[in-house]
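Enquirer: Listed below, chain by chain, are the residues.
There are 2 protein chains.
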Amino acid sequence: MRKIITLSAMLLMCVLSFAQQALWGGAAVISPEIHENNTVSFRLKAPKAVRVQVTGDFLPTQKIKTPYGEFDGPGVADLTEKDGVWEFTTPQPLKSELYSYTFLVDGLKINDPSNVYMIRDVASVTNVFIIGGERADLYKVNKVPHGTVAKVWYNSPTLGMDRRLTVYTPAGYETSGKRYPVFYLLHGMGGDENAWSELGRTAQILDNLIAQGKAKPMIVVMTNGNASQEAAPGESSLGYAPASMQLPKTMEGSFEAAFPDVVNFIDRTYRTLKNKQNRAIAGLSMGGFHSMHISKQYPDMFNYVGLFSAAIMPNKDVKSPIYDNLEAKLKTQFDKKPALYWIAIGKTDFLYQANTDYRKMLDEKGYKYEYFETGEGHIWKNWRIYLSEFAPKLFK
Amino acid sequence: MRKIITLSAMLLMCVLSFAQQALWGGAAVISPEIHENNTVSFRLKAPKAVRVQVTGDFLPTQKIKTPYGEFDGPGVADLTEKDGVWEFTTPQPLKSELYSYTFLVDGLKINDPSNVYMIRDVASVTNVFIIGGERADLYKVNKVPHGTVAKVWYNSPTLGMDRRLTVYTPAGYETSGKRYPVFYLLHGMGGDENAWSELGRTAQILDNLIAQGKAKPMIVVMTNGNASQEAAPGESSLGYAPASMQLPKTMEGSFEAAFPDVVNFIDRTYRTLKNKQNRAIAGLSMGGFHSMHISKQYPDMFNYVGLFSAAIMPNKDVKSPIYDNLEAKLKTQFDKKPALYWIAIGKTDFLYQANTDYRKMLDEKGYKYEYFETGEGHIWKNWRIYLSEFAPKLFK
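Line by line, the protein sequences give chains A and B. For the record, in the first sequence the residue sitting at position 119 is 119 according to this note's numbering, with numbers rising by one throughout. Just add 1000 to wherever you are in the second sequence, counting from 1, and you've got this note's numbering.
Quick caveat, the hints were computed from the structure, so don't treat them as lab data. Some hints here could point you the wrong way.
To be verified - Straight-line alpha carbon distances no greater than 30 Å define the calculated DSSO-like cross-link-like pairs of lysine-lysine that follow:
(1) A:249 <-> B:1143
(2) A:95 <-> A:143
(3) B:1048 <-> A:178
(4) B:1048 <-> A:65
(5) B:1045 <-> A:63
(6) A:178 <-> B:1274
(7) A:82 <-> B:1048
(8) A:331 <-> A:276
(9) A:140 <-> B:1063
(10) B:1178 <-> A:274
(11) A:45 <-> B:1063
(12) B:1065 <-> A:82
(13) A:48 <-> B:1140
(14) B:1214 <-> B:1082
(15) B:1095 <-> B:1065
(16) B:1048 <-> A:45
(17) B:1140 <-> A:249
(18) A:336 <-> A:319
(19) B:1048 <-> A:63
(20) B:1045 <-> A:45
(21) B:1045 <-> A:82
(22) B:1065 <-> A:45
(23) B:1082 <-> A:48
(24) B:1396 <-> A:48
Can you build the whole structure from these sequences, using the hints too?
Expert: Structure (structure tokens):
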């Protein structure tokens, strides 16, 4: 070892080396920049662009006209250019929330090259940022004990496949020797076993609620609700297939019929409390549909049920024993008096009327449930709210 | 429940609903398309663009001139436009490998909006795809038993912080009741605890090698080698800070000094074989530097040591007890005859000479090591090769 090379020279060499592989076109500007007053600046270096816009849920929604009616879509704002760098600063401070955004460069959607923090939702990848304070503090990694988030494979004998789950175990699980209750948390159509732990912020919400003493330590199991998939795109033996609305095994009974395979695996693999009193199930949109059907199909399995913006509707054109005799199965379920049947939806959700009709039926039958209504529609903002409201009600 | 809505109508509503949140600007074309003969087409819909290029490690490298010398950089190819859709097809079939790429639209680096499968490396996010066959089959999720990949937090008393690890446990770990050997696997400068499990394909390589009987079932622990970080960008209580070369606690002794905290946590938390015979440590670039220093600092801790493109060099300008008395510590380490001391590097690596000098010193002292040389330089392709060569040599 005769060569003496100083650390700074070596760092320089490392930088150059990265140029070979990792730092192609690194960030030229700071974006997003969250100012002290919670206004936010977005910047993009794009000297040749003619028009640069930003679109995201931090902007006021705008009406989008379609042949099927008018819907709320994300707003769009123009950036202004100076010396090749485009910039937009929100005119008002943003409320505390986790926000998603992308740029549009001459109409082409691109991610922000200065912000490596991105989350995929169905077939879109967006950049995200968090404005802290109030409920959004639950979505942040704070200085509290952290649970473990694991990607775990299980065998489903019913489906004849190995499939992947995301499992949250609370801080201390590994060494406590204790048994824990289990909350099964289901995603919506087009999602997968990554959805709740990423945009849903499950680990952060549970870590924070448990640290505050508001939720009991619990295991949270996040399944993949498309029974034709092993795992999320790119993470299965099928390789990457583009996300699509052609989802062959999502709402035709397969997933619900195979659900006991998941519960059996979890009870065999983790230190769980293996009884109805210590099991909850909830889901968003299609996951709410699944939670409704699974909980009534196996009336001795779950004591807590949550329907978040649930796609509740009878599917008379789908033949599955799961969907037969719905009213009789609901009667059996409610006769056993579940500890909690919780329905939540936003006022502008396209499923609002379907949920109103469902609640009316429950009222007519005298079945007890709790109802929680928010503003806005079928969006992750609401699902994070519902999770942070529902989890504290469990296992008490 | 008087309203009868058919499944197809509901699916339609779901699609519209997604338009609100998840499907902003969904993919318009298929990209990348891997043809049967392993040529690959890249496509981008960008009607207003003047020039669209693709850059990535699937193209022949090109020389990049810098004030510090000439380096190999990724090649660039032009796409051609027809009806607003740009396309490039590789003239030759690609060899089996995991490849990274991005588009350049009028000079602006963008990810492929048709390929949600992306991996971050330091401050860049690139799209990836795999051409299977030969060694690259080890990088794919195959129909074999899968281990668990967990994001786990531990407390480091030495650093006074909670920090995050990625832990791979082999298939069957949860229920086998057995104890396992542990392989500590360290990233390079600018990386973090996600690097090896993402671009490094650790879980896939280990799953496949174990299923083939080529590697022993083992636990793999992937640390964060920057002692000032709790976790990867966006996943710590510090929020998202842009990646940078200003890494205050990477090669100044803190990480190495605190390493026993990691080993103690793992031995306390997992069913490990708690002795030198059943511990390995290896790392790439800076992680090779760390592995060299940690293994000689604690000569009774690791029986297997791997230096992958290691940043081996004495840092006479850094004061840390870790870096003192290097030659005496190496003597102690080699006098104890480690089962394997394995050095691997690529022929064009900027650290090639430093590794040659280090090997010469080992030769002069009569210290035994194995040497493995590949083509090319300081790139993930080599580090995946080194991992898949090194893991089968462990714990036998």
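Enquirer: Each hint needs a verdict: does it hold in this structure or not?
Expert: Comparing the hints with the structure gives:
With a C-alpha separation of about 20 Å, the suggested pairing of residue 249 of chain A with residue 1143 of chain B holds against the 30 Å cut-off. Proposed proximity of residue 95 of chain A and residue 143 of chain A is supported: the alpha carbons are some 22 Å apart, at most 30 Å. Distance hint between residue 1048 of chain B and residue 178 of chain A is unfulfilled; the C-alpha atoms sit about 61 Å from each other, more than 30 Å. The suggested pairing of residue 1048 of chain B with residue 65 of chain A holds, with an alpha-carbon distance near 24 Å, which does not exceed 30 Å.
The hinted pair formed by residue 1045 of chain B and residue 63 of chain A meets the criterion: a straight-line CA distance of about 25 Å does not exceed 30 Å. About 24 Å separates the Cα atoms of residue 178 of chain A and residue 1274 of chain B, which keeps this hinted pair within 30 Å; it holds. At roughly 21 Å between alpha-carbon atoms, residue 82 of chain A and residue 1048 of chain B fall within 30 Å of each other, so this suggested pair holds. With a CA separation close to 17 Å, the supplied pair residue 331 of chain A and residue 276 of chain A stays within the 30 Å bound.
Between residue 140 of chain A and residue 1063 of chain B, the direct Cα distance comes to roughly 43 Å. Violation of the 30 Å bound is thereby established for this hinted pair. For a cut-off of 30 Å, the pair hint linking residue 1178 of chain B to residue 274 of chain A stands: about 24 Å separates their Cα positions. At roughly 25 Å between alpha-carbon atoms, residue 45 of chain A and residue 1063 of chain B fall within 30 Å of each other, so this suggested pair holds. Simply put, residue 1065 of chain B and residue 82 of chain A have alpha-carbon atoms about 29 Å apart, close enough for the 30 Å limit, and the pair holds.
With a C-alpha separation of about 39 Å, the suggested pairing of residue 48 of chain A with residue 1140 of chain B is violated against the 30 Å cut-off. With a C-alpha separation of about 49 Å, the suggested pair residue 1214 of chain B and residue 1082 of chain B falls outside the 30 Å cut-off, and the hint is violated. About 27 Å separates the Cα atoms of residue 1095 of chain B and residue 1065 of chain B, which keeps this hinted pair within 30 Å; it holds. Restraint check for residue 1048 of chain B and residue 45 of chain A: satisfied, since their Cα atoms lie roughly 18 Å apart, inside the 30 Å limit.
Pair hint residue 1140 of chain B plus residue 249 of chain A holds up; C-alpha atoms about 24 Å apart against a cutoff of 30 Å. Simply put, residue 336 of chain A and residue 319 of chain A have alpha-carbon atoms about 27 Å apart, close enough for the 30 Å limit, and the pair holds. For a cut-off of 30 Å, the pair hint linking residue 1048 of chain B to residue 63 of chain A stands: about 25 Å separates their Cα positions. Proximity of residue 1045 of chain B to residue 45 of chain A is assessed by CA-CA distance (about 21 Å); at most 30 Å being required, the pair is judged to hold.
Note on residue 1045 of chain B and residue 82 of chain A: the hinted pairing holds, with a Cα-Cα distance of about 27 Å set against a maximum of 30 Å. With a C-alpha separation of about 23 Å, the suggested pair residue 1065 of chain B and residue 45 of chain A falls inside the 30 Å cut-off, and the hint holds. For the suggested pair residue 1082 of chain B and residue 48 of chain A, the alpha carbons sit about 21 Å apart, so the restraint of at most 30 Å is met. A C-alpha spacing of about 59 Å is found between residue 1396 of chain B and residue 48 of chain A, which places the hinted pair above 30 Å, so the restraint is violated.
Against the hints set out earlier in the document, violations occur for numbers 3, 9, 13, 14 and 24.
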